[in-house]
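**Q** Chains B and G, in that order, give the protein sequences.
Here the first sequence stands for residues 1 to 399, numbered as in UniProt numbering.
Here the second sequence stands for residues 1 to 399, numbered as in UniProt numbering.
Any given hint might turn out to be false.
Listed next, the in silico SDA-like pairs over lysine to any residue satisfying Cα-Cα at most 20 Å (straight line) [what the hints assert, rightly or not]:
1. 358/G with 125/B
2. 280/B with 212/B
3. 358/G with 126/B
4. 273/G with 337/G
5. 273/B with 12/B
6. 273/B with 6/B
7. 273/G with 105/B
8. 358/B with 132/G
9. 273/G with 377/G
10. 358/G with 332/G
11. 280/G with 234/G
12. 358/G with 47/B
13. 358/B with 124/G
14. 273/B with 124/G
15. 358/G with 377/G
16. 280/G with 253/G
17. 273/B with 51/G
18. 273/B with 5/G
19. 280/B with 47/B
20. 273/G with 252/G
21. 358/G with 135/B
22. 273/B with 333/B
23. 358/B with 50/G
24. 358/G with 131/B
25. 273/B with 104/G
26. 358/G with 383/G
27. 358/G with 132/B
28. 280/B with 12/B
29. 358/B with 129/G
30. 358/B with 135/G
31. 358/B with 125/G
32. 358/B with 344/B
No lab work stands behind these hints, which were simulated from the structure alone.
There are 2 protein chains.
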Amino acid sequence: MIPHTEALSRLLAPVTPVGTEIVSLAQSSGRIVARTVQARVSNPPADVSAMDGYAVRSADSATVLRVVGTSRAGEPFSGTVHAAEAVRIFTGSIMPEGADAVLIQENARLEGGTIVATAPVPDGSFVRRAGQDFAAGQDVVQSGACLNARAIGLLAAAGHVWVEVRRRPRVALLTTGDELSLPGDPLPPGGIYNSNGPMLSALVHAAGAEPVLLPPLPDSREDVAAVLAGLRDIDLVISMGGASVGAHDVMRDALSMAGFAPDFWTIAMRPGKPLMHARKGSLSCIGLPGNPVAALVCGIVFVLPVIARLQGRTSYQVPTESATLGCDLGGNDMRFDHLRARLTFDENGDTVATPFSKQDSGMLSALSQADALVLRPSHAPAARAGERCRIIRLAPLGL
Amino acid sequence: MIPHTEALSRLLAPVTPVGTEIVSLAQSSGRIVARTVQARVSNPPADVSAMDGYAVRSADSATVLRVVGTSRAGEPFSGTVHAAEAVRIFTGSIMPEGADAVLIQENARLEGGTIVATAPVPDGSFVRRAGQDFAAGQDVVQSGACLNARAIGLLAAAGHVWVEVRRRPRVALLTTGDELSLPGDPLPPGGIYNSNGPMLSALVHAAGAEPVLLPPLPDSREDVAAVLAGLRDIDLVISMGGASVGAHDVMRDALSMAGFAPDFWTIAMRPGKPLMHARKGSLSCIGLPGNPVAALVCGIVFVLPVIARLQGRTSYQVPTESATLGCDLGGNDMRFDHLRARLTFDENGDTVATPFSKQDSGMLSALSQADALVLRPSHAPAARAGERCRIIRLAPLGL
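If we strip away everything but chain B, and leave its shape as in the complex, we get (with noise of 0.2 Å):
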């Protein structure tokens, strides 16, 4: 048995982008960003008010001031602002040449065509600056980020409406067992719905890139070989189903069949103990566990990291954070265990982790009903509720 972070480096290894695209900025949601951004524009593009008040001059010593016109967003003042002068102006809009403070309006008594300051304008006061927020050529976007809606917003602000971005990675899913049908075609006598093919797409889809999800195959190594053999334009072979130890294993023959080099590995976790990965040309192939929940598990531990290293993100990992523990645990064995957890809140507003007490992980109505994997490292000593654990929560990660 491999620790688990061994098996995902190992897997890691040899993964490289995939290559980029060019999509406009209204379609870029959720896109990694191949090429690091420069501002295209300042922001502001000139110095601004920051309040509706009076662009005025901050030496002035005059209180009572002449209001000699408007700059408006969009509309700015063309003139100057001299001595015992104020332009009146609103948040956002230009400051006028000569002005160099906004007396804000507050702090303004209008009589007439003139306005009294109530209290003095020190230099500066309520102006934002040209380049405050950016300059124009300074990086706004990093590569390897996610799009995001603030991400979008600063790159329109900048000036941009095309993004390079990687292409999605096209992920083919592979689903082997006898007695499995897809939701919907014929169920023979004790046969099951295949769970996984479905549950698996919607996780690569929750990753940002792009399920394939292949006809689910017979237990024959005949004919998982030739799909394997016979697969273009993927970036990522999953399967599910033929990795078990069982008497019904074909996966192995049948990837060397289609020319991948195999290497099975038992790994040190729970749910999820036997793992593939074999790898021909650029092309890896991971083997999941049949068992839907150690897919699932198999799924976040391994898969959504790999899909990361195609869409060329920086530094990616699975978010953990910390709770507190809701109740006793016994002492781990040396497989790293993923709890399927109910979390709740303290008096505190603190996030409590319980893990259900029942772990099976032939249980999807109990995965269904999970908010997040409580993490219990190989030999983890016993822990008493109101222990601080480690967790990852689910919804956030779109599974």
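Please build the complex by placing chain G on the supplied structure of chain B, with the hints as guidance.
**A** Relative to the frame of chain B, chain G by itself:
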């Protein structure tokens, strides 16, 4: 000024869920279930083995057993197990008639066609009961749930291939402002690019709704009214830029001209002070501040919950969690504050939230660097580094 919680209640009160549609399970990721789904089959469909081994009768006192057949996945043993008999069985395969327990292969020594049990086998050992995961007819996914990979796996296992979900709410985004150009369009001197449209579009998309980005309009009440009056098949309108308290405010007039009943509020929150709400028939319009940082924060606080209500999500709240404050903070005034902050981890792995020292609401670049918003309620007393605080994490929201 009204508390933002009151504003939110008033925004949510009139909102009802949109209609439903049928999507295929393969296309259902992120959609909201509109009708509770029952399992069509039981899982497991019959008693099955939880391990590789031999199906036996636990009452059997014999320790030498004749192997009379094999039960494989998809190919069950059709006979009956009698005294002193065993059937070779694999994980997930159906228990044969007569057998009630599994002798795991680690406890069996194979000698020709017989096995020798090296340990006793209690009744029910390593047998997973029919329906242990879920029984036919049982609710498996509730109305109002967001479909993630696990729910999709569960629906597949339960025999479903179509799901009734809420259609994606169509959210129109209207930006006004004489100074605004869409990125890529010509930028007049002193003009700025429209970041709110693309940014809030991405927020709407991340929330699972369909953004409809309307052509940006000048600050003209007639133009805005014409667009508002002409809207069709829209479930929510978000306007930005016309809601400031400055002289350029045309939105109130435009809404009235278009038949909306407008209601302007000043909200005791920061960033974001003016908020607009208007209603025409079943259509709400929410007016966000024009400042992009305030627009995003108000989008999180107000737009996400309204979209969730349109989607029929049950008891949705923007997820908050607790963290350790990374620096001292002064006492707060009456405006509920949302401080842009970085997250780090202390030596126990606990989340530490450190607000940026400069909370300039004009800084899109700083907003894009933030990991979270630290929530500072109205009149919160000064707080010291090390105290607990509540935060909204941005990345898990896709923002």
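**Q** If a hint holds in the structure, say so; if it doesn't, say that too.
**A** Against the structure, the hints:
1. 358/G with 125/B: holds, 16 Å
2. 280/B with 212/B: holds, 19 Å
3. 358/G with 126/B: holds, 14 Å
4. 273/G with 337/G: Measuring from Cα to Cα gives roughly 11 Å; hence the hint holds.
5. 273/B with 12/B: holds, 19 Å
6. 273/B with 6/B: Holds, because 14 Å separates the two Cα atoms, which is no more than 20 Å.
7. 273/G with 105/B: holds, 17 Å
8. 358/B with 132/G: holds, 12 Å
9. 273/G with 377/G: holds, 15 Å
10. 358/G with 332/G: holds, 15 Å
11. 280/G with 234/G: holds, 12 Å
12. 358/G with 47/B: Given that 20 Å is the threshold and the Cα spacing comes to 18 Å, the pair holds.
13. 358/B with 124/G: holds, 16 Å
14. 273/B with 124/G: violated, 24 Å
15. 358/G with 377/G: holds, 19 Å
16. 280/G with 253/G: holds, 14 Å
17. 273/B with 51/G: holds, 13 Å
18. 273/B with 5/G: violated, 48 Å
19. 280/B with 47/B: Not satisfied, since the Cα-Cα distance of roughly 58 Å exceeds 20 Å.
20. 273/G with 252/G: holds, 16 Å
21. 358/G with 135/B: Holds, at about 18 Å.
22. 273/B with 333/B: holds, 13 Å
23. 358/B with 50/G: holds, 15 Å
24. 358/G with 131/B: Satisfied, since the Cα-Cα distance of roughly 16 Å is no more than 20 Å.
25. 273/B with 104/G: Judged against 20 Å, a Cα distance of about 17 Å means the pair holds.
26. 358/G with 383/G: At roughly 17 Å apart (the allowed maximum being 20 Å), residue 383/G and residue 358/G satisfy the hint.
27. 358/G with 132/B: Holds, because 12 Å separates the two Cα atoms, which is no more than 20 Å.
28. 280/B with 12/B: Measuring from Cα to Cα gives roughly 15 Å; hence the hint holds.
29. 358/B with 129/G: holds, 14 Å
30. 358/B with 135/G: Holds - the C-alpha atoms of residue 135/G and residue 358/B are around 18 Å apart, at most 20 Å.
31. 358/B with 125/G: At roughly 16 Å apart (the allowed maximum being 20 Å), residue 125/G and residue 358/B satisfy the hint.
32. 358/B with 344/B: Status holds; Cα separation ~18 Å.
Of the hints listed earlier, those the structure fails to meet are numbers 14, 18, 19, in rising order.
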